[in-house]
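Asker: The lines below spell out each chain.
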Amino acid sequence: MIKLHNVSVTYRLKSESVEALRSANLDLAEGSFVAIMGPSGSGKTTLIQVIAGLLTPTAGDVIVNGQNLRQLDDRAISEFRNRTIGFVFQFFNLPSYYTALDNVALPLVFAGVSETERRDRARALLDEFGLGDRAIHKPEQLSGGEAQRVAIARALVNSPKIILADEPTGNLDRDTGARLMELLQKINRERGVTILLVTHDEKAAAFAQQTLRIEKGAFV
Amino acid sequence: MIRRRDQIRLSLQKIGLRKKRAVFSIISVALGIIVVVTVNSLMRGVRDLVIRTGYTEEIDQDLIRVSADQRYDDSPSRKRKQFLTDELLAKFREWKEIEAVAPNISVHPLNVDALAESPRASSGGYVTGAPEALIRRYADAKQLAASGNAVPLVIGERFVKLRYNEKTKKFDLEDPARVQAWIGREVTLRVGDPMAQLERFHYDYEKKQWLRLSEEETAQRRKSIESYESNEFDKLIHARTLTLKARVVGLCPGRRLLIPEEPARLCAKWLKQRDALARLRPVEPEADYGQYGRRAPREGEYAMAVVLLKSGTNPEPVVKRLRDMGFEATTRQNAFESFLKEVDAAMKIVKRIAYAFGGVLLLLACGLLWSTTSRIVSDSRADIGLFRALGATKSDVRRLFLSETVLLGELGTLTGILLGWTAAYWISQLVIHLASGDISDPEEMLMVPRTIFAVDWLSCAMLLFGAAGVSLLAGLWPANRAANVDPVKALKRE
Chain A
1 MIKLHNVSVT YRLKSESVEA LRSANLDLAE GSFVAIMGPS GSGKTTLIQV
51 IAGLLTPTAG DVIVNGQNLR QLDDRAISEF RNRTIGFVFQ FFNLPSYYTA
101 LDNVALPLVF AGVSETERRD RARALLDEFG LGDRAIHKPE QLSGGEAQRV
151 AIARALVNSP KIILADEPTG NLDRDTGARL MELLQKINRE RGVTILLVTH
201 DEKAAAFAQQ TLRIEKGAFV
Chain B
1 MIRRRDQIRL SLQKIGLRKK RAVFSIISVA LGIIVVVTVN SLMRGVRDLV
51 IRTGYTEEID QDLIRVSADQ RYDDSPSRKR KQFLTDELLA KFREWKEIEA
101 VAPNISVHPL NVDALAESPR ASSGGYVTGA PEALIRRYAD AKQLAASGNA
151 VPLVIGERFV KLRYNEKTKK FDLEDPARVQ AWIGREVTLR VGDPMAQLER
201 FHYDYEKKQW LRLSEEETAQ RRKSIESYES NEFDKLIHAR TLTLKARVVG
251 LCPGRRLLIP EEPARLCAKW LKQRDALARL RPVEPEADYG QYGRRAPREG
301 EYAMAVVLLK SGTNPEPVVK RLRDMGFEAT TRQNAFESFL KEVDAAMKIV
351 KRIAYAFGGV LLLLACGLLW STTSRIVSDS RADIGLFRAL GATKSDVRRL
401 FLSETVLLGE LGTLTGILLG WTAAYWISQL VIHLASGDIS DPEEMLMVPR
451 TIFAVDWLSC AMLLFGAAGV SLLAGLWPAN RAANVDPVKA LKRE
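If you're matching them up, the sequences are chains A and B in order. For the first sequence, this note's numbering assigns the number 1 to the initial residue and increments by one for each residue that follows. For the second sequence, this note's numbering assigns the number 1 to the initial residue and increments by one for each residue that follows.
Extracted from the complex, chain A is given alone in its bound form (with noise of 0.2 Å):
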């Protein structure tokens, strides 16, 4: 589902190049569970970026679900995000001014998705998270755990092959953490959605069914 062959990344930070990934090989079946930990600038994110196309690596291929993400142009590589892969962030990134029901649409308002179709997608997932009653509140309206739980549905909503979720539970307490990662893990279980989780929580990686351990852009 996802392979990464020898990529590396380079940064050019002033005169200084920074190497945030070092010919990092990957090999990830579909519906698996892989927890990536690491410290803080290890390349965790990069990596994310890198899968999901945000970033063009300096060297190696990129090929998920079967696409060279190298050899895709804008519009592609555009498409492919909106279809392949569901983003979860640490931050939620759910614009204020829209309501829970319109953020957990938005990717579909990218797919070219009727209004109709869009609300009825994003109104059943709500429900199915116990958000219903949500679901015209604003994200401000919303509790941490909540909002991240829309932030789910969102990646949810274009039935993708792959969730990347980057320090899911970063801005979350414990408890709820913990409720959040069960959730990632059914979802993985019960629809067989490739989930790659970026995480420096212990607790938060044992709900994958592996973790790989990255350290100065390269997996040891």
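No lab work stands behind these hints: they were computed from the structure. As the structure is a prediction and not an experimental result, all values here were calculated from the model. All clues given are correct.
Under the rule of at most 25 Å between Cα atoms (straight-line distance), these lysine-lysine pairs were calculated in the BS3-like manner: (1) Lys167/B - Lys207/B; (2) Lys3/A - Lys216/A; (3) Lys208/B - Lys167/B; (4) Lys138/A - Lys492/B; (5) Lys170/B - Lys208/B; (6) Lys186/A - Lys203/A; (7) Lys14/A - Lys489/B; (8) Lys91/B - Lys310/B; (9) Lys341/B - Lys351/B; (10) Lys269/B - Lys91/B; (11) Lys14/A - Lys492/B; (12) Lys20/B - Lys138/A; (13) Lys272/B - Lys245/B; (14) Lys186/A - Lys161/A; (15) Lys138/A - Lys19/B; (16) Lys161/A - Lys394/B; (17) Lys272/B - Lys235/B; (18) Lys269/B - Lys235/B; (19) Lys216/A - Lys489/B; (20) Lys320/B - Lys310/B; (21) Lys245/B - Lys142/B; (22) Lys492/B - Lys216/A; (23) Lys142/B - Lys310/B; (24) Lys3/A - Lys161/A.
For chain A, the structure is supplied; the task is to place chain B on it using the hints.
Answerer: Just chain B now, kept in the frame of chain A:
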């Protein structure tokens, strides 16, 4: 790819988030548009008014006015080129395009008793001899046939369209049925009656009212007219009038009294002889070139004539032929068109000034739109990053911001158009109010329009298209900047 409808909805939502800035942008665009639309609507209204009044109040269809060369001739040795003669008029009648020709015979003074209630106060003034074919065009066939010995008379509608209102002391528009009732009415024409200029009403400028003159005042005015004659003999001669029975057979536009050519010719002859008798001198000296080297037309010569074309005939070839013969020929069409050209030229200047002013304002608004969109892009980096992560293409992002700018521009234009129309309407009402307040001749009230405001749809459509184009230009650079925002950096900021 984002749907157009969603694109507009998202843009509107984003505009709603920055209400103050949006309102400011809309107002700035609207200001320039208001100037352009106001001027355009008023100019269009004035032009429509000119066309409307020009066509309804001007001379008849298919009629050419022919006049002998009127060029200034300062030498007594140089004669006026030529007058129109009976022979020439007879020759014109043979042209296949021409239905009728008549010399322009004006019978003055003329008193029509029945017009005593005419708003101009004096009852008549002069009557013109017209080709019978022209009379037939305006006349009711039955009335014409029934006129018998009476002279068929066509009355200009402006004589009978107003009625004096005793209560308000103003002239009101006459009931159309009563206007039509004039057709078939028997009236008396008194040719040569100096009392034709006797006024029955007096306009009080302070009260802004028309007052009917009392009997004493009328008698005084009558006396004043009589005193124009220097001696008793002239007074006696001028007291003789030719009284004719006439029948109103039809109504025509304008303020004219038309009778057929033949009775007009007889009346004119009668008047000429009466006046000659009063002065006790020959009718006309044979060669009197006067101060400016001009002489009066002799028997069988005319300074002017009217040529009536067959319906639907193109007047231009006939006009050209007449001009080639050395006569001045004007049709309703070309006289009106040359006037309209002058109006258009004047309007062009006003419009250019307004467009230049509006253009400068729009240019400023364009700059403001550019800065607003740039600011929105800067404020929206996190959203742009998120949208790109969720599957928006660069093109989606560009279109989102462009549609935001275009929407602001179009909203400003629409606001400007609506406010411009409103301003033009109220200015038009104000102008009409001010202008009609100073009108002392009620007949002129007939010419006062209800409004001089007209919607120029074409220019409004062009403004909307233009605004879309200008907004696109203003938003292009910031929108491209938004499309090229690096989503990785944008998400990191968050």
